[in-house]
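*Asks:* Chains as they are written, first to last, in our numbering: chain A, 68 to 613; chain B, 68 to 613.
Not one of these hints is a red herring.
In this list, chains with the same sequence are indistinguishable; a pair is considered to hold if it fits within one copy or across any two.
The calculated DSSO-like cross-link candidates involving lysine-lysine, where the alpha carbons are at most 30 Å apart (straight line), are:
no.	residue 1	residue 2
1	229	575
2	277	229
3	302	339
4	313	532
5	413	186
6	521	503
7	500	413
8	519	186
To be clear, the hints were calculated from the coordinates, so they are not data collected in a lab. On a predicted model such as this, the values are computed, not experimentally measured, just so you know.
There are 2 protein chains.
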Amino acid sequence: MVVSLRLPSLSSLFLPSVSRRSPAVLRRHHHHILRTPVFAASFSAQTTVSETDDRVDTQKSNRVQDQAVTPRSKDFNAWYLDVIEQAELADYGPVRGTMVIRPYGYAIWEAIQDYLNVKFKETGHSNMYFPQFIPYSFIEKEASHVEGFSPELAVVTIGGGKELEEKLVVRPTSETIVNHMFTQWIHSYRDLPLMVNQWANVTRWEMRTKPFVRTLEFLWQEGHTAHATPEEAEKEAIQMIDVYTKFAYEQTAMPVIAGRKSKVETFAGAVKTYTIEAMMGDRKALQAGTSHNLGQNFSRAFGTQFTDESGLRQHVWQTSWAVSTRFVGGIIMTHGDDTGLMLPPKIAPIQVVIIPIWKKDDDRAVVLNAASSVKEALHAAGIKVKLDDSDQRTPGWKFNFWEMKGVPLRIEIGPRDVSSQSVVVSRRDVPGKQGKVFGISMEPSVLEAYIKDKLDEIQSSLLEKAKSFRDSNIVDVSSYDELKVAISQGKWARGPWSAGDKEELRVKEETGATIRCFPFEQPRGIKSCLMTGNPAEEVAIFAKSY
Amino acid sequence: MVVSLRLPSLSSLFLPSVSRRSPAVLRRHHHHILRTPVFAASFSAQTTVSETDDRVDTQKSNRVQDQAVTPRSKDFNAWYLDVIEQAELADYGPVRGTMVIRPYGYAIWEAIQDYLNVKFKETGHSNMYFPQFIPYSFIEKEASHVEGFSPELAVVTIGGGKELEEKLVVRPTSETIVNHMFTQWIHSYRDLPLMVNQWANVTRWEMRTKPFVRTLEFLWQEGHTAHATPEEAEKEAIQMIDVYTKFAYEQTAMPVIAGRKSKVETFAGAVKTYTIEAMMGDRKALQAGTSHNLGQNFSRAFGTQFTDESGLRQHVWQTSWAVSTRFVGGIIMTHGDDTGLMLPPKIAPIQVVIIPIWKKDDDRAVVLNAASSVKEALHAAGIKVKLDDSDQRTPGWKFNFWEMKGVPLRIEIGPRDVSSQSVVVSRRDVPGKQGKVFGISMEPSVLEAYIKDKLDEIQSSLLEKAKSFRDSNIVDVSSYDELKVAISQGKWARGPWSAGDKEELRVKEETGATIRCFPFEQPRGIKSCLMTGNPAEEVAIFAKSY
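Looking at chain A on its own, in the form it has when it is part of the complex (with noise of 0.2 Å):
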């Protein structure tokens, strides 16, 4: 399927009255970063393109393109900012710690919709939904449930014009009212497994929040399921991390290590959590997604409770699991450079951007006419293709946007091209000459498999620049100074752990790190706890995260 996105505001981006204010509507709640408005001072003057070639000077479209974005390695956060802003994926909303996803920002969440929504269909689950007012009682039902949750409850006291008599708890997520409605259609064991997902907005009133990582509401999945046995609920926990961990490598090419949660860190109401945990280009974690298993905690809450075959009534098992918004941050920060945006292409709204490019008015037509035919070649092949035919902007400015879009890679026609029949392909995770190719075939089935082959080796790429750079910040450490000093670092302390939730809070306190998991992948060997010296029977992952 090919997205075809308007972008329409896009163009007043660039314009300098525009280009100075926005950096204050994305930055109205961070006030602590300062920062020249650079990106409207290079691109209030257009980028000048030479055409010696038929194309653009890359290297000098290049070097204005590295002043768009605070770099990377100066201001990790300005950095995303800017890349939010700049390659239109999001906005601030009205209300503090809302946000507005823009159609490109929202065409990735799209496509991890449309990858998760047919694995989850696959292994058994059907969609439906569950309203989002929650009576405030329920919420309450669950022991540590209201513990986790109640500070952050956005509450609605008045409909329709009247106080109301029971308060409204905006979901915060829907453990409650989905056990509260299990229990009506749960009776015996034939009724069961019951396994349902949604995709759904839900609300936590965060205090620090981040664009696409933190906001007061984001949009998610989470999936609901009952089971007659602990066994079945454990596999089902395990599967959907492994769902998750699949859909993490392959699509979005980042190489999230899969573990188990400390008892610190586990879910508000669940007896385990799982988690699949990312390393961001500034080295912090980021918990991409969960999936606890509930035991019967909720079911006992709610009393679930169903016939077995023995014609006992028991509570049934339960597991819940979710992927969020934030899993677009996790892509921007995972990929992105100082150009911007990198997608890898399996999660790419544009896999290709085409860019048309003429010199003379004679050669317009000739040239537009072969940007069409490749597009609509590339188009029936399955390829995610966009034009880029627009007058109004020049070559030049056409490469830094797209570059900034992360879009993978960039075809350019010009008339020497359409003469030889031939088009210049350049990838977008290779800068420059490096990555550029001349003299591609335009021949359907030629550009097509050479594009396929591109994109593939792409997203291999990402993944692999990706899981050297993980390796390369994680130290296994084997004491608590080797832990500080790894940590102090910025990096990842991974050492054998079997000590208590109070070394584990003090940890916290004095380095900033948590437990981010224990891996499933664990060494070999004997093990004593880095903290204790007792015998360990696992190692953790330590870090800094979001």
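Take the given structure of chain A and dock chain B to it, following the hints.
*Replies:* Just chain B, lined up with the frame of chain A:
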């Protein structure tokens, strides 16, 4: 795409204990309806299967099924609620007026989404997402908008444990927040048109609720566009009502009447509202979708301006348009009958259900094997097919169950069919033996062609049936007396109208009918207003409505 639905809770529905309880659950907000639980009584004793012809005596099982829901003719509302319960489309949420959309009901909504989402993108719209919390002050900016919506608002007053400084409205519709953002994104004519859509939940504090038709929270899509000229905005508003009309006719087999709303019935904040009006089985009108030309009402209220080509600042011209989960209610009430739901093939989550039939254990494997092959062949041909191979229910029970669910075609396969390499095919829309064809070859290409042909036939037939029902229930009237007679007979009245708002409200008060629309299709010739006798340019359609 084959939608494989897990329906784990259905078995329980037919257990006596549950059947006795469920009506109460579904009716708890409809105390005026009294009904004996005949469904429970008839289903607590399993349908007996007489397999003289290797298959079920349909006459007998239909007789049982007839008692399953309140007859439509007896009590349309009770019938509607019964179908929703027994076809497992929805359930009531814990908060008054909220609805849980169950997997089978949600799958119909997904079919609606799949079709419209493609059409919206084809017509140049991008999906995005606006926050649902709107500052209260926004709602007050457009005078008629606040008047229309303020009685229906849900208001968040507490966030993160604290009383909020500014109350937040849970979106009843998004024009205000959309304009707040558009004002930041739109600067010059180059930014126009700006055409977006969002799939979202909305909240309206309705007093009289009814599943799908009117609920406190519902799901919808809302399109929002901004244009440089009034002509473009008008063209867009018309284009989108046309998309809805085509969808209604071609996908849902609902012969809606498209037209313009009267001033009284126009959307709060719009200049013109276009609508599609559908006739339900009880001949009440259902407003199934609307498209609004908003003029400059919101752009003036929010200062949404652009610089035109001559350098002048102008307010943008806007539209908005929506369909919601109400459409699912429309499908139920257009096509359903005393046997339950009846789904048009193009919108059906399951188009064909295969029921294997065997008596002797020896036959089981052979029959199931053949049924699986047939399933695979139809699946490969792109038909949404479900094989109901569960051992827990008799074929008779399954026949009734899938008829209740409105599956357009049933394939029966017994041992004799396997011997003769043929199947029996039954149409949901043609009851009894008339709808049953024996000896259709199992050979994949033959069977696929036959099934596809039949699905097309059912699709057309449902539309034709609904059309003739509609047409036989619209009466042309030329006086108020004639209008009153038509309305008192439960029909729609169509007559020339040029009277004012006061007369329109008088009709409503005296007859209960409102102007549903001035239809696009108008009779020729000179007309005089049915109320005043003055010249009239158009006929209007009057009807009682949901």
